[in-house]
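S.K.: The primary structure of each chain is shown beneath.
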Amino acid sequence: MEVVSSGLPEFEYIHAESIEQASTFLLDESKDSRLFMGGTDLFVQMRAGARSPSLLVDVKHLPGMNDIQLKPDGSLHVGAAVNLNALARHEDVAEHYALLAEAAQSVGSYQLRSRATMGGNLCNASPAADTAPAALVLGARLIAQSGKDERSIPVEAFFLGPGETALQRGEILTRIEFPSPPKRSVGRYLKLGRNAAGDLAIVGVAVLGFPDDEAPSGYRFRLALSSVAPTPLLVPEVENILSGETMNDERIQAAARTAQQAAKPIDDVRATADYRSAMVEVYARRALKAVWAALRRDN
Amino acid sequence: MAEKMKSPSVPSPIGESVPRLDALQKVTGEAVFTDDLQFGADLLYGRILRSPHPHARIKRLDASKALALPGVKALVTGDDCKDRFGLYLKDRYTFCKDRVRYVGDPVAGIVATSERLAEQACRLVEVEYEVLEPVLDPVQGAQDGAPLLHPNLKEYIVAPFIFPQHGSNISNYFKLRKGDVEGAWSKCNVIVEGAYRVPHVQHVPIEPHITVAKFDHSGNVTLWASSQSPFAQRDLIAGSLGISPNRVRVISSFVGGGFGSKAGVSMEALAVMMAQKVPGHPVKVRLTREEEFYCSFVRQGLVSNIKIGADEDGTLLAMQTEFYWDAGAYTEYGVNITRAAGYSCTGPYDVPNVWSDSYCVYTNHPVGGPMRGFGMPEIHWGIEQTMDQVAQKLGMDEKEFRLKNCIREGSITPTGSKMHALDLESCILKAAEAIDWGKQEPASAPHKRRGKGIAIMWKAPAMPPNAGSSSIVRFNEDGTVSVGIGGQELGQGSHTVAAQIAAATLGVPMDSIRISYPVDTQYSPYEWQTVASRLTWSMGNAIREAALDARRQILELAAEHWDEQPDDLDLHDGQVISYKSERSEPLKNLVVYGLPKEDDSGWRGGPIIGRGMFMPNYVSALDPETGQGPRAVVHFTPGCQAVDLEVDIETGQITLLRVSSAFDVGKAINPDQVRAQMEGGVVQGASTTLLEHLRLENGVPVNPNFTDYRIASTVDMPLKTIPIIVEVPQDDGPWGARGIGEHSMVPTAPAIANALADAVGLRIHDLPLSAERVFKALRDKEAAT
Amino acid sequence: MTTHKIALTVNGIQEQVEVPSNMTLLTMLRERLGLTGAKNGCAAGECGACTVMMNGEPVNSCLVLAVEAEGAEIVTVEGLSNENGLDGLQEAMIEVTGTQCGFCPPGGLISARALLDRNPSPSEDEIKDALRGNLCRCTGYVRILESVKQAAKGG
Ligand SMILES: Cc1cc2nc3c(=O)[nH]c(=O)nc-3n(C[C@H](O)[C@H](O)[C@H](O)COP(=O)(O)OP(=O)(O)OC[C@H]3O[C@@H](n4cnc5c(N)ncnc54)[C@H](O)[C@@H]3O)c2cc1C
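Line by line, the protein sequences are chains A, B and C.
If you number the first sequence the way the numbering used here does, the last residue is 299 and the count never jumps.
If you number the second sequence the way the numbering used here does, the last residue is 785 and the count never jumps.
If you number the third sequence the way the numbering used here does, the last residue is 155 and the count never jumps.
Honestly, the hints are just simulated from the structure, not real lab data.
Here a beta-carbon is modelled for each residue, glycine too, at the ideal position from N, C-alpha and C.
Some hints could be false.
To be verified - Among chain A residues calculated to face chain C with C-beta under 7 Å, some are:
id: 1; residue: E12
id: 2; residue: L112
id: 3; residue: R115
Next up, chain A with everything else stripped away, as it sits in the complex (with noise of 0.2 Å):
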């Protein structure tokens, strides 16, 4: 069993002066560098001696990280170190990407979060990041930055395997962006854990809906999953599910069990595979009976 330490073992801390000059740090074969925002997912690995990196870089710091921009065409740009905390509370967040604030405020505690930003989670890509299915529903769009070159990852293409992105060595993620989100969409985040709230997810179920007049059923719906495959999980079929046929609480089941079906839970130590496929089922039946009964509401 890995024996974690009292303290974090050595390393060198770089303030860097810009992305660019980061960038050259972590092509550095010589050094096996890391950058890192809140250090919440790094430092705990560090400790227990998951990872040990020579040099920490540190652009927390740099023109735009911490920057979150509504813009005229109602995208948002949430720089890679914006905290939790202060995504969630943003007025922008809050008005037009209520699912967004819903999934930061799940994670850890109120002081994790004042440190924990959304871009370390979502490198981090941990099957259980909190803000991964929101991501994935809203459509976000990953900025990153090697060099002066910067390219714009769709979030479906980020999460290759548990701890694992598309990100290239060298490759910093600036800024996410979220397209305008679908008119009079609703979004829910429900997540279960062994605690009532604060705990990594057993399953997080994110659902956005929106009116659609060109889909039979009058919606669409898109759900993504987190904990209960290597990766947090899009789930497009749900899609042409519930945009089909007229709405019905049959036609949610049927999403809730494709949403299961797609779904490739494993066992550890928080629950069993067994255990998360049936919750799946549950938990995205509640959260699409959840954003139907706003819609209707308020549509």
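Since the structure of chain A is provided, determine the placement of chains B and C with the ligand on it from the hints.
M.R.: Structure of chains B and C with the ligand alone, referenced to chain A:
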């Protein structure tokens, strides 16, 4: 000089919710805990290399690379250990000599200039192990032919009331036979049998274990430890070093939560041995949170088999219990928990025919220690669920069944003694009423079910018959009082209660009392240990004795001075007063400097110091074959909890709506603090019921951290907790007080299980009642119907 | 390993400290500045005993590097009271017996102070939510919540 007598203005603080004496220190960050002490540049740090195997022989140990690391000061291994030590059964060396018996067993200790360096050095120690077959289950471990953890058990030194079974893994066997159980079954109309399991849990004090040890150049040892047992540590550690306890000094500041884990000796002995290698240097050893979970003490696991029978009127006739304690690799307290379980085996019921076998079994699991309740939460888990089923089979209301059969004054206990005065019936009635027992109430949603449950309990202080307390009461020049005690403030409020007892006895205002602290075995009067919920009662008696002694001296002095009889005098509001002559004199005028004689011929009196002690002298040995004896324990505190809950039948999640607690505490010296114990106990009880389980896979702890060993936080507490005090005085307690600290988490688990059964008709025999376990049980039940 | 000279304000006092990269804010406060109020309970951001205020927001000081506190304003439990007396939360906690062993209040009080700063009259659920990262094993939280409610009432 004599002033006119004043009318009484200070009401007695007994029974008053006076504010905690330590609260101001604790909310300002001023309160000093052991890790807060400053030691300067001489301070070194110790870290421990621990066994990665549950059971193995150490074939070779080479620390040369570790010792070569600059900054490494010393190494300690089993080779440095002299004698085995232990509280009741001397079964372990501080560091393993040739065999490791659990994952975490200390193999070597490294002293270095920093914790980090000591850890690095630990990784450089090469150890070759020969892995041995482990014992991972107490029932199997108790069988003949199981691999033996302690082949030399019969050589170990043992207390007279502990019975190791040589040639086996059984470190204590407690046997109880009362009446004719075999004959009684045939008279029973209802018999319910079942097996119940309790997993290992940990105490989870928020302050992990910490000790700083220092050997001075003359070989005297000082230990600064977060400790429930400074005196026991002094004695045991001296024993392990082969030196006089007089050369060991233990100083203990505030303790950041104990719950039993900081009783006796666990990691403190490691620090001492490491410090021995570097005389003159204090050596700090603190457990990481991860180590805390499996390297100090855990609560033992339990497998219990329970069989209970009653006649058609619902009168209990017979009860048979078998307890297999998963005691772990060594047994600091486990042997005595086994004994306590045996003599408390019926729970708080009047049962004429009783049979119990309680086995303490060595396993290759973390060391079992005492935890809040000392075996009682574990045994009541099965007993109280079985009682519910007996009631249900009889068609009786569960509350009425308990009222009919519960222990009362004059009942005969399982060990054959007569029960003292107590009022469990009131506890049952009041706890039940507080949650509207008998009233069916709707659940809050279609996928939820609501249920109510009740459970009762008893617990006696489990300790050697001669566990003593003492106190010294010293007057200061201004008439204030320093109260010397050896009991620890763990949060339970013992300082405040100590001050209340001293103030009330001495007739001085509360703010005249100062508790001498921290406990320092060099200056503080002896206290056996701060365990067993015994301080208010035992230490309280000692303080009262000491205060009475001081009071007597003052009255005699004043009587002589006034030429009156001491019987006509009293202490009140910081004065000595005479009811006869109506004279009075402020204490400050006489308690240190004495009083001048009338004719200037000299002085009388002098500094007033009262001494007091308390040691029960009536606890008798029990017959090893029957467990019968005149008096097994000093007393029992009884109580009841009632639970109103909701369960989500789609997820298995339980929400506690209301939990009421009613305990007969004899006399609540400080009612607010008594209620605070009940509130805290309920949440610790609920947490261990719903969330907690130290998971051991092939002996390896897989969740020794807060990420995966969850405890209740604010969001998990019951929506409402209702603490209720019942008071029927204890004959030998100060003002009739008995203990309450541990009791409040004893019935919580079965009360929740009984409420769950009421909600969904389901009996779960294993803890914890995690959402997943409840969900699966519901699903299985549905599949079966 | 290189060290870093940092300047910061702790409880209103300007401090300059030289710290190695891997030193946490908690260790710096406790071992370099002798401010032992904040406690080390898990070193993993779970128990909350190390919570301090950093630029007005509570953080787990065990998960912040000391070098990251360059230029920061830190308030620890020792800084909650001043010449003018105790914080209302401290007073309330004394009054309602909100503490037992005393190991968690240094962190819990900081979380509660931050809550009242951003929300002067929180609901019971809001209090629970704000304090869910401050584990307490003694009190069952009942009187901790009571303290916060009382302090909020007191304004
Ligand atoms: C007590 C506790 C409770 C927690 N509870 C939850 C929970 O409920 N839900 C949940 O989802 N998580 C939880 N976490 C995990 C963690 O807090 C979150 O994942 C958090 O959002 C991580 O953000 P961070 O800024 O701290 O990441 P960091 O630790 O700084 O970084 C995480 C990883 O991402 C990499 N990285 C960070 N930023 C970038 C970037 N800009 N570009 C490229 N790579 C980058 C780092 O190198 C590192 O490997 C918890 C952690 C703790 C300690």
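S.K.: Taking the hints in turn, state whether each one holds.
M.R.: Cross-check of the supplied hints:
With its C-beta approaching chain C no nearer than about 6 Å, A/E12 sits inside the 7 Å limit, and its interface hint holds. A hinted interface residue such as A/L112 counts as satisfied when its beta carbon comes closer than 7 Å to some beta carbon of chain C; here the least separation is about 5 Å, so the hint holds. Because the closest C-beta pair between A/R115 and chain C is about 5 Å apart, less than 7 Å, the hint holds.
Every hint, counting from the list given before, is met by this structure.
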